[in-house]
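> Starting from the given sequences, assemble the full structure and let the hints guide the process.
Chains A and B, in that order, give the protein sequences.
Every letter in the first sequence is one number past the one before it in our numbering, and letter 79, counting from 1, is 79.
Every letter in the second sequence is one number past the one before it in our numbering, and letter 26, counting from 1, is 26.
Hints were generated in silico from the structure; no laboratory data involved.
We treat Cβ as the ideally placed atom computed from N, Cα and C, and that holds for glycine.
Any given hint might turn out to be false.
[Unchecked claim] Simulated DEER-style distance windows between Cβ atoms:
| no. | chain 1 | residue 1 | chain 2 | residue 2 | range |
| --- | --- | --- | --- | --- | --- |
| 1 | A | V28 | B | M72 | 44 to 54 Å |
| 2 | A | I154 | B | R41 | 26 to 36 Å |
| 3 | A | V28 | B | K130 | 29 to 39 Å |
| 4 | A | A93 | B | A247 | 53 to 63 Å |
| 5 | B | M72 | A | T217 | 46 to 56 Å |
| 6 | B | G168 | A | V28 | 31 to 41 Å |
| 7 | B | G141 | A | L40 | 52 to 62 Å |
| 8 | B | W178 | A | A93 | 33 to 43 Å |
| 9 | A | V28 | B | G43 | 39 to 49 Å |
| 10 | A | R3 | B | M72 | 22 to 32 Å |
| 11 | A | T174 | B | D289 | 57 to 67 Å |
| 12 | A | I227 | B | P31 | 37 to 47 Å |
[As the list claims (entries may be wrong)] Only part of the chain B face toward chain A is listed, based on derived beta-carbon distances under 7 Å:
| no. | residue |
| --- | --- |
| 13 | A54 |
| 14 | L57 |
| 15 | R79 |
| 16 | V92 |
| 17 | R108 |
Spelled out from the first residue to the last, the chains are:
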Amino acid sequence: MGRTTSQLLASILVNAVYAMKNYPAILVSTVLSPLSFLVLITFASGGSLFADAIEGGLIMTMFNSGTALQSDLTHLKNDFRIQDMVVGSPTRAGVYVAGMTISELIYSSPAIVILAVLFYFFIHASPLQVAVIVAVMGLMFLSSVALGFLLATISSDIIQSYAFTRLLSMLFSTIPPVYYPITYIPLPWRYLAYLSPTTYASEIAQNAAGLIKQPETSIELAWIVLILVTVAFTVLSLTKARWREK
Amino acid sequence: MKASGELVCSDLTKVYGGRRRALSSVSLAVPTHGIFTLIGRNGAGKTTLTRILATLLEPTSGTAEIDGLDVMADAKMLRERIAVVPQEGRTVAWMTPVETVTAYMLWRGYGYGESKKKAAEALARVGIEKYATTLNRLLSGGIKRKVLVAMVLASEADIIFLDEPSTGLDPVSRRELWSVLIELGRERFVFLTTHYLEEAEHVSDRIGILEAGRLLSMGTLDELRREMRFGYSLVLPRGDPGPASFAGEKYTRRDGRTQLLTTEDEALATTRRLVDQGLQFSLNPVTLDDIFNYVLARGKSKGEDS
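Printed below as a string of structure tokens:
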């Protein structure tokens, strides 16, 4: 095992594996949040939005995994001082954050697996369509990780950090049309939904799966917005974040 | 690896937010072996100095080197050699001691198998192997602190920073921790901070006294004693006000008895009188407590003069 692999493994064990192993209730809670929305939207739509809700669940899980990074980093840094111990060790900042990022994916893996199985059986997508949806999920995850990392550097304690997480979850995955098509929102309000990057992600994913039909220019614009948001959050977090305190 | 060389700070200053001065031109040089303990009241600057030396915090000005490695420019190399238990460092609630130490060793770059082996050995060395697989949240404060010490003990680091590791521990746990610290100090350089003077006196090879961001005094306990004008502490019988004039300083203790800090000759003359009268008294070399109060009072008067 290489040195970097060991250091990545440490973050994954601390932030995901040990927590899931020692507190099995976590496995249930990580699944419940995306599935509860899926069930709600499916029942409310009489089953017509089941496929949209599966895709929504995947996007929400990926986005929430990234934003959870900020509360976990803050928790380990401020409440246990783990980050101080890691700064004063051979582990570099990038490796620590990469390990923590992977740990968030592992933490969300029960929900991702269940949603992926549902996706396979109920959305008959081609390999190309699947590739598009995976790319959208990847971008969503990267942008939320960058945003989470940025907020972790300014979050002073766990209460503030949980407030950030709830706010982000509400603004980016609950209110925007992630679980249903944007056309369900009346027009004056539809423009507000476009303030959230998850709206663009859903639009691309729903279009790729054939759930909605959007003009090509609209999908191209959605890709550009998603990529720009990811780059902007990444640059901002790299500029603001500090390994050694000033 | 055994540390050898010096920890050198030159005019180290830290000002937070352009306003709050935590360290003022601290300069010191200590050999990097044994235990160096920094004592001082809350807010004296102990944690700030520790964090700068442990590469966790940037100084505002000045330099610091450990064995020739600059804490700013050579941080990468220094981090290979240091291990830190920060103030208020806590064990993660959802992990067990063996998982805690294993994860730390992985962060230090060891393979999984080796990390687990070293974790088990370190927990045995601090005497808590029977708690190895108990969740940290179920352990007592003393055991949790020992888990943190086991982390640095398991590591290959030869320069250890422990910021107030015994705060909040009961007297028995604190004494158990001292044994571990003394053992650690035999093998590596330990930079310790505490506000328990008894602890500093018990475990340290060298002691520095920090007050309001300034280093007031530093040396071995004997050197600090010699720095005082008066090397003996004489506690007089209850009701005895002591001589009206003598070479030394007189205090009234909390129990109402008079305490003299005085010279050897004066102490012998007074004790002879007390022995002749058949009265009970106590005579000791000055303690770190006496030295600390003396140095603080001297520092305060110097500050007022300037």
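> Okay, which hints does this one fail, numbers in order?
As far as the earlier hints go, 7, 12 are violated by this structure, in ascending order.
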